[in-house]
Structure formats: structure tokens, C-alpha cells
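Chain by chain, the residues:
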Amino acid sequence: MSPRKKNPPAAKAPRSASTKTRSKVKPAAPAPASAAPVAAVAGVESPPTERRRYPRLEPPAPLPMAQLDDYAPIVGRQEIDQLRFLADRLRGRRVKMVNSTAVGGGVAEILNRLIPLMNELEIQHRWEVITGGQDFFEVTKAFHNALHGAPYDLTGDAQEIFLRYNEQNRQRMAFGEDVVVIHDPQPAGLIHSRQPDHGKWVWRCHIDLSNPHPGVWGLLRPLVEEYDTAIFSSPAFSRRLSIPQYLFYPCIDPLSEKNKKLEESSVQDVCDAFGIDRSRPILTQVSRFDRLKDPVGVIRAYKMVKRYVDCQLVLAGGGASDDPEGAAVLAEAQTEAAGDPDVFILDLPPWSAFEINALQSASTIIIQKSLREGFGLTVAEGLWKGKPVIAGAVGGIPVQVIHKLTGMLVHSVEGCAFQIRYLLTHPEFAAQLGRNGREHVRENFLMTSNVKRYLLLYLQLLGAAAPELA
Amino acid sequence: MPSTNHNPARSPFDFQSAAHLIRIGEARADTLGELLEHVRTCSEGSIFEHTFQTLQEHHFLKEGLSNDFAQWALAACNEAALAEHLTAVDVRDFTSIADLRERVIETLEEHLQSNPQARERRSFEPFYFCASELYVMPTGISARTLDEFAEGLSQVPRASIHYHFIDARLRLKLNSNDFSYWLRDSLDLPAMAERFDRIDIYTLTLEDVRRKMIAVLRDQDGNRGRA
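So the protein sequences, as listed, match chains A and B.
Here this note's numbering is used: the first residue of the first sequence is 1, the next is one more, and so on.
Here this note's numbering is used: the first residue of the second sequence is 471, the next is one more, and so on.
Don't read these hints as lab results, they were simulated from the structure.
Mixed in with the good hints, there may be bad ones.
Have a look at the derived ranges for each label pair, beta carbon to beta carbon [stated by the list, open to error]: (1) A:131 to B:482: 47 to 53 Å; (2) B:592 to A:196: 42 to 48 Å; (3) B:591 to A:304: 30 to 36 Å; (4) B:503 to A:244: 35 to 41 Å; (5) B:572 to A:159: 24 to 30 Å; (6) A:89 to B:594: 49 to 55 Å; (7) A:150 to B:625: 27 to 33 Å.
Calculated cross-link-like contacts (lysine to aspartate or glutamate; reagent style EDC-like; alpha-carbon spacing at most 20 Å) [unchecked claim]: (8) B:682 to B:617; (9) B:643 to B:569; (10) B:532 to A:443; (11) B:532 to B:560; (12) B:643 to B:514; (13) A:404 to B:533; (14) A:404 to A:414; (15) A:404 to B:595; (16) A:261 to A:414; (17) A:141 to A:167; (18) B:532 to A:428; (19) A:404 to B:527; (20) B:682 to B:618; (21) B:643 to B:560; (22) B:532 to B:667; (23) A:404 to A:443; (24) B:643 to B:533; (25) A:404 to B:554; (26) A:261 to A:70; (27) A:200 to A:122; (28) B:532 to A:439.
Remember, it's a predicted structure, so these values are computed and weren't measured experimentally.
Glycine included, C-beta positions come from ideal geometry on N, C-alpha and C.
Let the hints inform the model, and build the full structure from the sequences given.
In C-alpha cells:
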């Protein structure tokens, strides 16, 4: 664990004139000639001579996939042995997981790591992604917001589009596995492929259904109740259903590019490239540009803090491939931040895990001021890096942030601003929050815990083990 | 070197561990009155989850409240006195879930009798009843001597410490734990067993508990003096 440093180290590179002006347009140091071309910081058109290495325009070569044994130094050898013990009872079984996007968003991140680990345990996992046109993803995005409680006029056309694309996907996909796990509402209609005498079907819901739009939930519920069981990320997200429901916390991968321990020089390098000054406090929110993440509210909180403490704000995110509203929200944030050189709004491509890691690692405080949230994996990411986290008390965030013990929960812009000021002026308390938060993640929100929960569920569904205490 | 006793135990200590699935129950409480009614009727797995099991899920905390009922009474109901009374419900005092349930019920009833206005006051957020489904599995680590026992304690996962040291009283039906029972029964070391029994699980993290137990095993003078 690496407690937050009381005083962030000064930048290693000599501060150029552009750094002193804290411009987010000009790089802190000239990029090497060999550096790859880079995307512009959101809303600011970089002159062609001013190029950064970050963010990269193309995906980097993927890291070698971590093996189970690589997790032993983090969670302990015995934890890995236990996974193997459980998996032995399932060897040879086949599982299919289906979701709606291969890149962007927490679900794809989890599946990218979960599937190889399960295959290493010799439980054959296959991951498939449903396809759909722009109309389908616009409808499912609207459904997503409506299921989070947003007003919505559910039309017959929208229902028809949702069901038609589900049927099209169902026709092209085969389901002969022992267990089929369907992620989120978009592919929920695939349940109609279920055979009465073979396979168990699981609906894994990653979103908050505590206050769903009645019409959309009315469309979805009959589909969900055809499954054998459902999984939710928090008890608060669940609905009363006729099927059993289990609690699976989402998780982060401590060995992924987004969460592995970085060299200090790498962190500095990324900050330099974006022109972020590490000698002053850095507040960071990492989220795609979505109104439910309240980026405008975060900027307003920052402005309140700025009256008392000289600090910087980084809003780093991007648009997931199934998120057509991202550009509009990005523009709103840019309007709110207009003219402040200490606000860095970074519209990063989906392959920016390394940059995100560096920005979080460089941060003094991590913010996740969501108004609605599924689980909010960026909170776990911040906690894992030993950072004090201030987050909205919504969705799955209170599971991760236990108020005053592993972070601070807030309910308003004003509350967020106050807690930022408090933590900036009480660094020892902030460091203790960070230490507790990291252990909270180690115990409950790491990939290995997720693997274990799935193994236990498969054992339960396939009758391969009976619980001692039910 | 641990302890003064190098004799092999009459029977080995086989370290086991446990993993949990958490099932989301149908019951939720929006008031203290509803909490009381659901505590009366919820499954034993649910009482276990919100008392014993939450200690493992939050093993890294030394401060805060000791069970989910107490945490909710404070955070969601703003009932500090009730939270104090509920947090004083020590799982080590109970050898059955039924008795533990009764104590929680009594504590809630006493508070609501004294504070009837609190019964129907709506909480900031609901209490969701969940239940643990526990799977026990071997660790492959076994001990016949105190040396081996100390080595095993240093290696097993935290879940194993929780299973043997905290959950155990529900199996043993004794106000003790698997470790102390083995020290007494198989090695005739009642003083050492008593020192294990006195380790405070509420003011220590599970890693602290592990370190403390290993320190007791290595404290030759202390154990000789008390044996």
C-alpha cells in the first residue's frame, strides 16, 4: 500500500513557460520526435507543432494476459489455491457470457479479464457481443437512463426495435452451454433461446433498478423472471422477483494497465504531457461524459474550493461505444469550465487505461460525484490506489465508500466542495481513508473475488455443492 | 520458536477456510419498527450475514460499528443510542444464531419502548436483508505441533482465521473458538487457549488477530507463567 504523499513532489522536468501558465494547450515539455501523434484536449484545438504522447491515437499493444499465479502476491497464495479447489469441481463445464459492447464501460473491462482466468481454471468460457444498429443502441441508451429513473416516453416503436434486435441476435447465436450469463438489459431477450431441459440462465444486472421507469421495467421484468437467477451489484439495485437474487460486487483487476502499480516516472510523464502541475493538489474524476456522472457539478464544486485552495481539476473520460449522448455532455462541461486553465477536460480514447491509471495515481483526491450510478468502478480504482475518495451516495458507491472510514459520501455540490476542502487541510485523515479503502478493495472488489463468486454460483446452479448454511 | 510445548498434539489441526455467496433477501426495512419485524422472521443465514459475516467483509477496520444493524441505526436512522446498544451485542457471547437473534430483538424492543416515536420514522435509506451461503473447503494445511500451528496461522487466508476464530462458536456451541479448543483438548495448553480467547476481534483487524495469535504462540515466558 502506498499512502498518499502529504505534499506531492514537484515535477521532475524543468517547468517551461507553458507550464507556468498552466495551459492545457501547450505541453509541459517538448515531446520526443518519435512520439506518436496525440488527440487534442477536449474543446481545444492543438496547433500541429504541439504534440503530446498522451493520449495515444491508436490502441497500444495489449499487455500479456495475467495468469492466476500472478495475483498471489496481492491476495495471497491460499486465495489462489482456493479458486483452484472450487474450479476442480467444475472442470469441463461450459459457460457463455453475452453483453452489448466489447470496449468501453465497466462490464467489458470485467469480462476482458474474467474470461481468460476462468479458461485458465479449465471452465470453458466464451464471450459474445450482440450486434445492433444505431437505432438499437439509441433505444437501449434511453432504456438505460429510464431504468435509472429518468423520464421517458416509451413508444411502441422503441419496444419493437428492442425486441427485434434481440430476436435477430437470438437467431444467429447458439446456446448449448451449461450456464449462460446475460449482462444487462440490452440482450435480456436472448432468454427465449433457453431450452427447458438444458443449461442454467443467469441475468447479471450491472445497473441500479431501485427506481425504474414503470413502462421499461414492465417490458423487461417478464424476460428477467424467465431466468434461473439474477445477480445485482447492490441489494439496493434489486427488485422483488420470483427468482433468487445474489449479490456480486463488480471488481477491478489489480494487474490491469488501469490498476497496476506504476513507476513514479510514468506518472510524472503523463502529467507533464497534459500540463498538469504536481506541485499543487489535483482533484480527479474519471467517468465517461454522462449527465448521471454530473461533470458540471464537479466543476462547480471545484470552483467553490478554488476560492480557498489553489488546486486543479481533471475530468478524464470518453464516450463508450453505446453512449451517443457523450458529446453533448462534454460540451456542457467545457462551457462550465470555460476560461479556467486549471480545469483539464480530457476526452480520452477507450484504450487510455495507462493514462487513467497515471492520472489517478497523481491525484490528491479522487471524486465520483454521480447522481445515479451502477456500481461506480472508478471508485474502487481510486480506493485501490490508496487515494481518499469523495463520492455521491448513490447506487453502489456507499458499498465502497463507508462514510468517514473508507472515504466521504456527499449529496450535493456544496457537500462535495466542503469535503474536498476538509481533506485537503487534513492530510493524515485523508491518508487513513486511503489505507482503509485499499484494504476494502482487496477484500471485496478485486477480480479474484469475482472469480470466486462465479465459481460458487456455478456450483450452486449445477448442484455440484451444497451450502453449509443456507 | 513458539511456546514451551513441543509435544505433538493428540489430533492434528486441519485448517479449513470458507467462501460465501450473498443472497439478496426479499425483506427490507424503512423504519426501525420494520427492522424489528424482519429480524424476528428472517433466516438464520441473514442474522449470520449481518453480524458474524460482516466482520470478515470489513476486517480491516478497527473503528466503526460492529454489525450491520448498528451501522444502519446510526447512519440511516440517526439513532446513536440504539447504535451503541446494538454494537455492544458481541457475537462471542453467543453459541447459536437463535440466541443472537433474541438479543438483537430485545435491544430493538427496549429502544422502541423508550423511544416510541422512532418506530415509524422513515430511515434515510432502507436496510436490505441478505443471507450468507457458506462453503467450507480445506486449505491443505495441517498442524500437529505448535511450530506447525504457528506456521499454518501465518499462511492461511484471512477467511480461515475468521472461520476458525469467529464462526467456530456456532459449530462448537461453546464460548470459544477452534484454535483454543484444539490447544486445550489436543495439547493440554489451557493458559494459551485462554489467551487466544481474550483476543479482541472488535478492536483489531483480522490481520492483527493473526499476528496476536502468533505472538502468543511465541511468547514462551507468558505461556510458561500462565500454564
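Violated constraints from the hint list, given by number and in increasing order: Hints 1, 4, 5, 6, 7, 16 and 24 not satisfied by this model.
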